[in-house]
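So in my numbering, the last one in the sequence shown is 169, and the numbering has no gaps at all.
What the hints contain is simulated information worked out from the structure, not anything from laboratory work.
Quantities reported herein were computed from a predicted structural model and do not represent experimental measurements.
Treat each hint with caution, since some may be false.
Unchecked claim - Subject to a maximum C-alpha distance of 20 Å in a straight line, what follows is the list of computed SDA-like cross-link-like pairs (lysine to any residue):
# : residue 1 : residue 2
1 : Lys130    : Glu151
2 : Lys130    : Glu110
3 : Lys130    : Ser150
4 : Lys130    : Cys116
5 : Lys130    : Ser114
Claimed, not checked - DEER-style ranges, computed between Cβ atoms:
#  : residue 1 : residue 2 : range
6  : Glu151    : Asn124    : 27 to 35 Å
7  : Glu122    : Ala161    : 17 to 25 Å
8  : Thr109    : Asn149    : 14 to 22 Å
9  : Glu123    : Val143    : 17 to 25 Å
10 : Asn149    : Asn124    : 30 to 38 Å
11 : Val143    : Glu122    : 25 to 33 Å
12 : Arg169    : Glu148    : 28 to 36 Å
13 : Glu148    : Thr109    : 29 to 37 Å
14 : Glu122    : Glu151    : 23 to 31 Å
15 : Ala161    : Asn131    : 12 to 20 Å
16 : Thr109    : Asn131    : 12 to 20 Å
17 : Val152    : Glu121    : 15 to 23 Å
Ideal placement from N, C-alpha and C gives every residue a C-beta, glycine not left out.
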Amino acid sequence: MTEKACSECHRLVEEENECPIDKNNDLRDNWSGLAVIYDPENSEVAEQLETSVAGRYAINVR
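Using the sequences and the hints, build the whole thing.
As structure tokens, then:
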């Protein structure tokens, strides 16, 4: 199964039908770029993505 990206927070989900972070069910197949956030408290990338949760995120979601 391919990963889908949440249209709101860009979190990548594999098997769920909704985003585990914001409960959004608008998941997109069309995404590009990948950011893996391990330590969101000290991550400039997490700050740019406006997230405080560790995980895998798409850079662009269309």
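Each hint tested on the structure:
no.	hint	verdict
1	Lys130 / Glu151	violated, 25 Å
2	Lys130 / Glu110	holds, 16 Å
3	Lys130 / Ser150	violated, 24 Å
4	Lys130 / Cys116	holds, 10 Å
5	Lys130 / Ser114	holds, 11 Å
6	Glu151 / Asn124: 27 to 35 Å	holds, 31 Å
7	Glu122 / Ala161: 17 to 25 Å	holds, 18 Å
8	Thr109 / Asn149: 14 to 22 Å	violated, 31 Å
9	Glu123 / Val143: 17 to 25 Å	holds, 18 Å
10	Asn149 / Asn124: 30 to 38 Å	holds, 32 Å
11	Val143 / Glu122: 25 to 33 Å	violated, 18 Å
12	Arg169 / Glu148: 28 to 36 Å	holds, 29 Å
13	Glu148 / Thr109: 29 to 37 Å	holds, 30 Å
14	Glu122 / Glu151: 23 to 31 Å	holds, 30 Å
15	Ala161 / Asn131: 12 to 20 Å	holds, 19 Å
16	Thr109 / Asn131: 12 to 20 Å	holds, 18 Å
17	Val152 / Glu121: 15 to 23 Å	holds, 21 Å
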